[in-house]
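Student: What follows is each chain in one-letter form.
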Amino acid sequence: KQEVTQIPAALSVPEGENLVLNCSFTDSAIYNLQWFRQDPGKGLTSLLLIQSSQREQTSGRLNASLDKSSGRSTLYIAASQPGDSATYLCAVRPGNTGKLIFGQGTTLQVKP
Amino acid sequence: DGGITQSPKYLFRKEGQNVTLSCEQNLNHDAMYWYRQDPGQGLRLIYYSQIVNDFQKGDIAEGYSVSREKKESFPLTVTSAQKNPTAFYLCASSSWQGNFLYTEAFFGQGTRLTVV
Chain D
753 KQEVTQIPAA
763 LSVPEGENLV
773 LNCSFTDSAI
783 YNLQWFRQDP
793 GKGLTSLLLI
803 QSSQREQTSG
813 RLNASLDKSS
823 GRSTLYIAAS
833 QPGDSATYLC
843 AVRPGNTGKL
853 IFGQGTTLQV
863 KP
Chain R
170 DGGITQSPKY
180 LFRKEGQNVT
190 LSCEQNLNHD
200 AMYWYRQDPG
210 QGLRLIYYSQ
220 IVNDFQKGDI
230 AEGYSVSREK
240 KESFPLTVTS
250 AQKNPTAFYL
260 CASSSWQGNF
270 LYTEAFFGQG
280 TRLTVV
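Going line by line, the protein sequences match chains D and R.
Each step along the first sequence adds one to the number in the numbering used here, with nothing skipped, and position 28 is 780.
Each step along the second sequence adds one to the number in the numbering used here, with nothing skipped, and position 39 is 208.
Keep in mind that the hints were calculated from the coordinates and are not lab data.
Taking lysine-lysine pairs in the BS3-like style, the calculated list, with each CA pair at most 30 Å apart, reads: (1) D:Lys-820 x R:Lys-226; (2) R:Lys-226 x R:Lys-178; (3) R:Lys-178 x R:Lys-239; (4) D:Lys-794 x R:Lys-226; (5) R:Lys-178 x R:Lys-252; (6) R:Lys-240 x D:Lys-794; (7) D:Lys-794 x D:Lys-753; (8) R:Lys-239 x R:Lys-226; (9) R:Lys-183 x D:Lys-794; (10) R:Lys-178 x R:Lys-240; (11) R:Lys-226 x D:Lys-753; (12) R:Lys-240 x R:Lys-226; (13) D:Lys-753 x R:Lys-252; (14) D:Lys-794 x R:Lys-178; (15) D:Lys-794 x R:Lys-252; (16) R:Lys-226 x R:Lys-183; (17) D:Lys-794 x R:Lys-239; (18) R:Lys-183 x R:Lys-252; (19) D:Lys-863 x D:Lys-794.
Taking the hints into account, I'd like the entire structure generated from these sequences.
Tutor: Shown next, in the form of structure tokens:
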């Protein structure tokens with residue numbers, strides 16, 4: 753059974769720091785991996801989608817990498833800002849149904 | 170604007186009552202999903218549908234029912250059989266490009282259901 757783990761559960765950093773959020777999954781047979789952001793009481797906002805054939809994706813200050821063989825993905829946030837404070841979730845698609853299996857998330861606080 | 174609309178934003182249910190949560194998308198996506206989010210438990214899949222008139226149970230389908238009569242709509246009914254329905258419910262959709270390549274999943278803003 754596919755399991756997704758995100759460590760740490762919470763992270764607090766000063767503004768301007770570069771940071772890395774980690775996501776690991778137990779079964780490397782995935783079709784793609786997606787990173788989301790969730791603000792308190794809100795829905796999920798898609799940040800980046802990485803297909804299984806890709807190694808990384810970039811969007812602005814965000815860069816996500818994927819290493820299927822080791823079952824890991826990282827989300828790199830450059831020059832963090834207070835507005836980046838949110839919960840970040842990663843999810844994998846283990847098969848052709850399009851189902852997403854989520855990690856528990858990392859709650860990020862960026863202090864001014 | 171294209172997107173997913175969930176309604177209502179807040180819903181209160183009395184004991185023994187069935188309630189229906191609405192999810193509508195205008196993204197022309199084939200697949201739609203319902204997730205439940207509880208504090209400390211992440212998102213868990215309730216039901217999903219890959220095409221109209223077809224749907225499958227997810228990990229926690231007991232006490233819930235769905236229908237998929239139109240491509241753009243995927244309503245979720247929380248029945249009285251669901252013993253602990255208080256949670257945040259999220260609807261999502263995605264499409265696929267062939268060769269099992271699914272596109273990004275997009276989520277609605279959620280419905281917070283509370284039992285009173």
